[in-house]
Amino acid sequence: MLETVAQAVINGLLIGGIYALVSIGVTLIFGVVKVVNFAQGEFVMIGMYISFFLANQFGIDPLVSLAVSIPVLFVVGVLIQHFLIRRVLGPNDMPQIFLTFALSLLLLNLALMLFTANYRTVHTSYSDEAFHIGGLYIPEAKLIAFVVAMALSGALWVFLHTTDLGKAMRAAAQNRDVATLMGINPNRVFCVALGIALALAGAAGSLLMPFYSAYPFVGQVFVLMAFVAVVLGTLGNVIGALIASLMMGVAESLGIQFVGADSGLIVVFAMLLLTLAFKPTGLGGGRAR
Amino acid sequence: MKTDRKASHALSKRQGRREFLIKTGGILAASAFGAVPLRGWAADPVNIGALYPTTGSMAQIGVGCVAAAKLAVEMINDAGGIKSLGGAKLNLIISDVQSDTTVTRTETDRLITSNKLSAIHGCYASALTLIASEVAERAKVPLITGSSSDQLNKGRTYTFTPFARASQFAQAQLRMSRLVSEKPKVAVIFENTAFGTSTSNGLREQAAAEGVEIVLFEPYSAGFTDASPLINKVKSSGANALFSVSYLNDLILIVRTVKQVGLNVAINGGSGGFVIPDFYKNVGKLAEGLQGVAHWNHDVSDDAQKVNAEYKKRTGEFLFEYAGGLVAQTFMLADAIERAASADSQKVREALSTLDVSKGFAAMAPGGKVKFGPDGKNIYGHPVGVQWQNGDLASVYPSEDARTPLMKT
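As given, the protein sequences belong to chains V and U, one line each in that order. Per my numbering: the first sequence = residues 1 to 289. Per my numbering: the second sequence = residues 1 to 409.
Don't take every hint at face value.
[As the list claims (entries may be wrong)] If you want the ones that stay clear, here's a sample from chain V, every Cβ over 10 Å from chain U, calculated:
(1) I15
(2) I60
(3) V68
(4) V72
(5) L89
(6) N92
(7) T121
(8) A130
(9) H132
(10) A151
(11) V221
(12) F227
(13) L235
(14) I256
[Said to hold, decoys possible] One side of the interface only, derived from the structure: several residues of chain V facing chain U at Cβ under 8 Å:
(15) D93
(16) D128
(17) S213
(18) F222
(19) L265
(20) F269
(21) A270
It is worth saying that the hints were derived from the structure and are not from the lab. In this text the structure is predicted, and so the values were computed from the model without any measurement. Don't be surprised by glycine CBs; every beta carbon is placed ideally from N, CA and C.
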């Protein structure tokens, strides 16, 4: 029994690491630019296809292709902010929602057209292997993904707290007007925020590739979890999103084990509902950190 | 759809009259010079309609079907065509049903009304075949199909199904589990959709009669991110066999996770996406030893092996379940037309209903015999149990169809 619970917790934490990369991106964009990016999942998908094609054409390991997917999606993020999102920033939220939602549909259908709906997998030497400790097992590919995800989250935290640009970003998140008065250029900060958020999504895609199939709709699977995590961990709060993602992974895993394999998400949504009822600002408190 | 048509209409209006004349004139001239001399020396060709989804979500398998259909017609024509009709050639008229039920209805209708068809084959997916068969019944054109839905044998007189029915697949799967263990303890995991639920219920209903104990019966939400918790449950259930009623993506995750856990269970992946070359391409070596069921396999007979070799040469992949069955179906049609000595669809139907073959390409089926009962079902029809061995799909069950013994994993 104890072993079953421990295994379920391990499984939950590992997949929670991937949810974290996606949700940190969403929360960062919301915190800094005040835009909800519905297309975040599609950038995970793009990250996956980048890794898939590099592995398929040149035999490059998905972990090595992080070095491609992260910068490529960073640039894409900067371009999207500069040419698209910048134009719809204003007092009205609707154009922003339509823009990112349209972007999601566009990317999804483009992928369907270019890559077809087929599932693509990459097989690495560590894809099917696992470490066994006592009666427990830890899949290698997922452990690697988890460790890299945590490292990237840590790096982001250091960036936000120690560099001028990071501090400017947090300042802009806390109060855009005051930040502008203090001489912070919001456009530049927004571009970097989008870039980092999309780079994280791309990283999530590359990290997923050794153990998950790429297909055009793959982003939708992860973005749903990301949105729940973002709300649960307080909108705009990076640490909150990280912790909420890990919690959700564990809740889902325990739910599948003890409630039923078709109701793992029920536990996750029950958690969301209770949080909203008793602590409407989310677990991270009211402040963006 | 509608707007598309409007747009193209507007476009054609804008085209100049001269351009229109040049184009249509060209086509008319080409058809006049092309078609007339053909008639001069050969008997009228016999038209066979082929309805397959070559675009849309089912396109991948549909395209393979069309390649097999062309190969079969070529084989028959190269061997001298239909002798009782003066060596008439079979003429395959292919139509794309776009993986869509509405399109299937209109395309079947269009195909029948705009051509004089002797018979039709199609559509691979049961949902589409059911529609095409309704239209063909009304038009009194015989339709032969490998689709497995039992619905196709109800209240129909022009529909023929030479291969195993859906209801037979569950039984075969349960019996295969007895090859693995004297006392099979089966875990059934299935996606909570209509397909998953109906297939798994079929397994549950027949389990007791087959002496199989089901120790876990677990629905899951399709498209999960992680199979580990589910496999954790299978592990706790103490099962020695695992039936997974899943689509490709989930099945890949399940197979990988079973390996990671180090769980010793015989996996049976059923049919459909599991028995196509793409499955092995995606899963790789892990697919070795995995079992499934199919209505056709390329090693059922020497003739089937021959067709397989030719198909492999053309497409680079082995002849998969549905495409292989389709080649046999084409030969069944040729046999019927030969005996009917007529291209008339009603006479072809009569001849099909008295078909009785036990050798040659038309008899390429598990069991090696085809004879239709009054419901259009092959009275000898049964599924074949298959296993992935060395990157190839080998028949292992029942003993009369087995080409190699079951590899214990």
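Status of each hint after checking the structure:
1. With a minimum CB-CB distance of about 4 Å to chain U, V:I15 fails to clear the 10 Å threshold, and the non-interface call is violated.
2. With a closest Cβ-Cβ approach of about 18 Å to chain U, V:I60 is found to remain outside the 10 Å limit, as its non-interface label requires.
3. Listed as a non-interface residue, V:V68 keeps its Cβ farther than 10 Å from every Cβ of chain U; the least gap is roughly 23 Å.
4. A cut-off of 10 Å between C-beta atoms confirms that V:V72 is not in contact with chain U; the least separation is 24 Å.
5. The beta carbon of V:L89 sits about 33 Å from the closest Cβ of chain U, which is more than 10 Å, so the claim that it is off the interface holds.
6. Taking the minimum C-beta to C-beta distance to chain U, about 30 Å, the non-interface status of V:N92 holds against the 10 Å cut.
7. Not every Cβ of chain U is farther than 10 Å from the Cβ of V:T121; the closest lies at roughly 5 Å, contradicting the non-interface assignment.
8. V:A130, annotated as away from the interface, has a beta carbon of chain U within 10 Å; the closest lies near 4 Å.
9. Distance check on V:H132: its Cβ comes as close as 7 Å (rounded) to a Cβ of chain U, failing to clear the 10 Å threshold; non-interface status is violated.
10. Annotated as non-interface, V:A151 keeps its C-beta farther than 10 Å from every C-beta of chain U; the closest such distance is 21 Å.
11. At roughly 6 Å, the least C-beta separation between V:V221 and chain U is not larger than 10 Å, which violates its mark as non-interface.
12. At roughly 14 Å, the least C-beta separation between V:F227 and chain U is larger than 10 Å, which holds for a residue marked as non-interface.
13. Every Cβ of chain U is farther than 10 Å from the Cβ of V:L235; the closest lies at roughly 23 Å, confirming the non-interface assignment.
14. Its closest Cβ contact with chain U, about 4 Å, brings V:I256 to no more than 10 Å, contrary to its assignment away from the interface.
15. Checking V:D93 against chain U by beta carbon gives a least distance of about 30 Å; that is not within 8 Å, so the hint is violated.
16. For the restraint placing V:D128 at the interface with chain U, the shortest Cβ-Cβ distance is roughly 5 Å, inside the 8 Å limit, so the hint holds.
17. Against a cut-off of 8 Å between C-beta atoms, the interface hint on V:S213 holds, since the closest Cβ of chain U lies about 5 Å away.
18. For V:F222, the suggested interface contact is upheld, since its CB lies about 7 Å from the closest CB of chain U, less than 8 Å.
19. At a threshold of 8 Å, the smallest CB-CB gap from V:L265 to chain U is about 7 Å, leaving the interface hint in force.
20. Against a cut-off of 8 Å between C-beta atoms, the interface hint on V:F269 is violated, since the closest Cβ of chain U lies about 12 Å away.
21. The restraint placing V:A270 at the interface with chain U is violated, with a minimum CB-CB distance near 16 Å, outside the 8 Å limit.
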